[in-house]
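> If you read the sequences in order, they're chains A and B.
Letter 88 of the first sequence, counting from 1, is numbered 88 in the numbering used here, and no numbers are missing.
Letter 153 of the second sequence, counting from 1, is numbered 153 in the numbering used here, and no numbers are missing.
You may find that some hints are simply not true.
Stated by the list, open to error - Once the Cα atoms are required to be at most 30 Å apart in a straight line, the calculated DSS-like pairs of lysine-lysine come out as:
1) B:LYS161 with B:LYS48
2) B:LYS161 with B:LYS4
3) B:LYS5 with B:LYS49
4) A:LYS261 with B:LYS148
5) B:LYS161 with B:LYS58
6) A:LYS261 with B:LYS145
7) B:LYS148 with B:LYS161
8) B:LYS172 with B:LYS161
9) B:LYS148 with A:LYS45
Everything labelled a hint here was simulated from the structure, so no lab data went into it.
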Amino acid sequence: MSSTEAAKSHSDMFNGNKNIPMPLIGLLIAISLMGLYGVFNIMTKGHAASLGTTKTVPWGLLISTYVFFVVSSTGLCLISSMGHVFKIEKYEVIGKRAIVLAILTILCGFGVIATEIGHPIRMAIYNVISPNLFSAIWWMGTLYGIYLMCIIAEFYFLMTHNHKGGYYAGLAGFIAGISAHSNLGAVFGFLEARPFWHGPYLPIYFILSALISGCALVIIIFNVAYKGEANMPAKAKEALLGIAKIFGLLLGIIIFFDIWKVLTSVYGAPPEKYQTVMAMISGPLSVNFWFFEILLGMLIPFCIILATKGRSIKAALVASCSAVVGIFFMRYDLVVAGQLFPMREATAGSRVQGVVEGLAVYTPSASEITIVAGAIVLCAGLYLAAERFLNLTED
Amino acid sequence: MSNKKYAIILDDTLCIDCKACTVACKCENHVPAGFYEYRNWVGEVENKKAVFPNISRKFRPSQCQQCDNPPCVHVCPTRASYQTEDGVVLVDYHKCILCKYCMTACPYDARYENTDIHAIDKCTFCYHRLAEGREPACVETCPPKVRKFVDLMDADGEGNKILQTTQTEVQKPEKGTNPKLFYIK
Chain A
1 MSSTEAAKSH SDMFNGNKNI PMPLIGLLIA ISLMGLYGVF NIMTKGHAAS
51 LGTTKTVPWG LLISTYVFFV VSSTGLCLIS SMGHVFKIEK YEVIGKRAIV
101 LAILTILCGF GVIATEIGHP IRMAIYNVIS PNLFSAIWWM GTLYGIYLMC
151 IIAEFYFLMT HNHKGGYYAG LAGFIAGISA HSNLGAVFGF LEARPFWHGP
201 YLPIYFILSA LISGCALVII IFNVAYKGEA NMPAKAKEAL LGIAKIFGLL
251 LGIIIFFDIW KVLTSVYGAP PEKYQTVMAM ISGPLSVNFW FFEILLGMLI
301 PFCIILATKG RSIKAALVAS CSAVVGIFFM RYDLVVAGQL FPMREATAGS
351 RVQGVVEGLA VYTPSASEIT IVAGAIVLCA GLYLAAERFL NLTED
Chain B
1 MSNKKYAIIL DDTLCIDCKA CTVACKCENH VPAGFYEYRN WVGEVENKKA
51 VFPNISRKFR PSQCQQCDNP PCVHVCPTRA SYQTEDGVVL VDYHKCILCK
101 YCMTACPYDA RYENTDIHAI DKCTFCYHRL AEGREPACVE TCPPKVRKFV
151 DLMDADGEGN KILQTTQTEV QKPEKGTNPK LFYIK
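Chain B extracted, bound-state conformation (with noise of 0.2 Å):
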């Protein structure tokens, strides 16, 4: 049993839309540089009620929300993704048959088929980077600092404070998948 549990907490009205962590993303992960083919997004959130001159623009930049209960994890015929003991949820690419059953089964269409390495691809926290005790690239290069990569597990962390001072919101709590993207609200 792990002693970690990794999440993200992001403040997106610090957002102002520059796209840094997705290029990070794509360089630190060796994403390919097609437009569909990506790990994170930052996209605007529409204000439909909004009349000019009464109006302000919001941007929420988002990626895999690393589900407690992942539907895609649970889904793969082959066990090519999986979830570690400290709750990130990777892929096996060698494993991958690209039967997109979890690309069907993820609620926030998180996953894309990597055509490099002929397999499903997503965030995976920039896992590599957390043994080297780094954060993941899109935490690491935001100019405002939206994201903040904390650790469930640290009671006295500040993941910890920040949830238990503020209110947050998960993306679509009501499919049950316990996200550990945490929005301040």
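In isolation and in its complexed conformation, chain A is listed as follows (with noise of 0.2 Å):
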């Protein structure tokens, strides 16, 4: 880089979008406050005093939404890589934007997780002086933390405009982002005790599932950072209508996915996975499935951009919205149905924790709530305040 390069990539580095309003950001940091309240709960009465989770059903709502903030993450880092990374021009305006967000949230998941693990602090230690190399958690949680060095590195080269640095740095991230996303994938595959989890299906559909993730929250942000449609430069209007109907393609394949993995699971009755999708279809998870896994978070998005040729960047607007709220479910659904089927028949004496007829029930308490509800608007709000104050606008 020369140095002419250099002084104008720092003097234009904070030139941020003044557009976004302050108090907006502000009241949405402010509002993500209430998510001390479980923090302060797990701290005061500990975790079994302050969390739904149980015996029985001992990943919960924290988990969930940390296996949602780390798709979101990945599906971004990968959706940016089509532009600086594989050079396909018409997406390289979307990389700041996408990368700057896939930084917050997996921040924000790691958050999440942190008041949900026991011993964070812990874990750190022993995650490096004791490490287990057959644990899909010990490679997930290692993978993520290199993926996050790799993509604050592609950030840093994007926003002082070092396009080899950030094209290496971003290949860097992408390999590694598909690697930790797949070994999360593989943290449920590898349990034999859980047949609805066990296979390699997870680690592909978890990839699958982000890169839809990503393309709903960078049509999502675009219309935020330029404030709808008829404020938008046409080269980013040109991405996000590319973007549309890589989106409409992805949820035409992940219905499939979930049409075969139902079919699967109810064919001839198979035990545990059986229970556990008819949990889902007619069970207590039904309203989470039909309404927001299905209807929401595939068939109407799908249904929008099919109807609108992904030519219209307002209906894919609203149907990334939809997508992202039933993705959110999605997550939930797939971490809770997985233990819904308790591993040992709870016949008096057995003393397995909160199972009414056969299945373990799961009910997040309020410190869940909070925690997860305050970590979404302060990613909110972070992104809004990363968006004000710099420059995430491609030249």
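If you follow the hints, you should be able to join the two separate chains into one complex; please do so.
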């Protein structure tokens, strides 16, 4: 990089988007403080008394929200890599915004999981001095750490117009992201004990759903940044219309995935899988499954993109908002449903916790809900702050 | 390489559901008083076909299966869960980060969060007693002697004799965990 370019890069780095109102940023960050209620409860009363999780359902809303955040981050990184890693020119415009949100979502994800893990500091220490290389959680955590470093470097290079650096950091981020995220799928997929999760499906599905989250979030943040389509530069419009078509295609593929996941879990009533999927189809998770996951998460956005042939940014925005809400519930269903079939029959004396009519019950506590809501609002607030204070527009 | 491999053989037809084993375990291992904090349990085996007056009751005492191929050890990110040379699965409480991955990996729901020590806990076969030549508390206390604590490496020992001459079963053999709790059929 020449000295002129370097000077230019530093002079325009903080030339942010003044259209983003400061009071809105302040309000969102103030609202996000509600999460402190949950954190305070956990720190004073302990996890067991603060979380809705049980011995039978040890992973709950905090884990599913962590998954939601890291899925979003990976998706944003993968989608943005089309531009500055794979050099598809029309997508280069999405780079900075996608990467800054990828950084914020993964940080919020780490924040949420730090409240769920009983000993987060001990985790940081023993992850290094006593690693278990056979553990998918170890790989997932370590690779996400590397991934975060890569995307931070990538963002720095993009901000300083160092295209070569951006390319290498982006490529490293892409590889780390794919590896970390498929490992997250493997965290569930390796569990022989849980037939609904076990197998190679989840690592693959996680990558697919990450791409969908990435497309939806890119469409949303560009609409936020430019206050709608009307003020959007032609290059951004062109990129978003391309993303909207990819978004539609990926939604079609995930519908295909979901149909076969459900059919193979119902056909012939395979033990445990069948009961789990029936809990989603007609049991305690049915509203989440049909209304949020299927309708909001897949059918509505897919139909919108199909009906508009991906040619309307406004319609794509509606589809994206619907999909993001649906995807949040998709993560919740995935995490909770896999634990609903108890590992032991809840007979008299067995002391299997919280099982009703053969299925475990899990209800998120107020502490969990406030932490999750706080983290989501904080992420939105931090994104708007980044938009306001940093120059995220590509030249 | 250890010359021991511990196992328990249970004849649950003898169980009278007195739950002395659960009390002994709680006292011996300082397990917190909470109802869902426990290392062993006695579950009733329900006979759904039974119609009065043709009924009987059966109880199945159980605990960590001390799997030879333990999924909890495989998944633990910090090696807090580990297997001793004599095949006992233990938890190093100081390394446990309470991610609860082992709880989701265990096909037997044998683990719980110990709220006193803030770590995941489970049956240890009373490992601290073994060095003193004593049997686990649940084995020692059982009035009808449901459990027999055996060493599978002792070719002429009682354990191998029972396993060779009696039909036994393990729980969820399809999971490939190779449990070391054997139930006489």
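> With the threshold set at 30 Å, check whether the alpha-carbon distance from B:LYS5 to B:LYS49 stays at or below it.
Since the Cα atoms of B:LYS5 and B:LYS49 sit roughly 39 Å apart, the hinted pair is violated (cutoff 30 Å).
> Holds or violated: B:LYS148 and A:LYS45, Cα atoms, limit 30 Å.
Violated, at about 41 Å.
> Sort out whether B:LYS161 lies within 30 Å of B:LYS172, counting only the CA atoms.
Judged against 30 Å, a Cα distance of about 23 Å means the pair holds.
> With the threshold set at 30 Å, check whether the alpha-carbon distance from B:LYS148 to B:LYS161 stays at or below it.
Holds: B:LYS148 and B:LYS161 sit about 12 Å apart, inside 30 Å.
> Between A:LYS261 and B:LYS148, is the straight-line Cα distance small enough, at 30 Å or below?
Given pair A:LYS261, B:LYS148 is violated - Cα atoms ~44 Å apart, limit 30 Å.
> Hey, B:LYS161 versus B:LYS4, does the alpha-carbon distance stay inside 30 Å?
Holds: B:LYS161 and B:LYS4 sit about 16 Å apart, inside 30 Å.
> Would you check the hint for A:LYS261 and B:LYS145, treating anything up to 30 Å between C-alpha atoms as holding?
Roughly 47 Å separates the two Cα atoms, so the pair is violated.
> Would the pair B:LYS161 and B:LYS48 pass a check requiring their Cα atoms to be no farther apart than 30 Å?
Given pair B:LYS161, B:LYS48 is violated - Cα atoms ~34 Å apart, limit 30 Å.
> So if I understand the rule, the pair passes when the alpha-carbon distance is 30 Å or less; does B:LYS161 with B:LYS58 pass?
holds (25 Å)
When each numbered hint is compared with the structure, violations occur for hints 1, 3, 4, 6 and 9.
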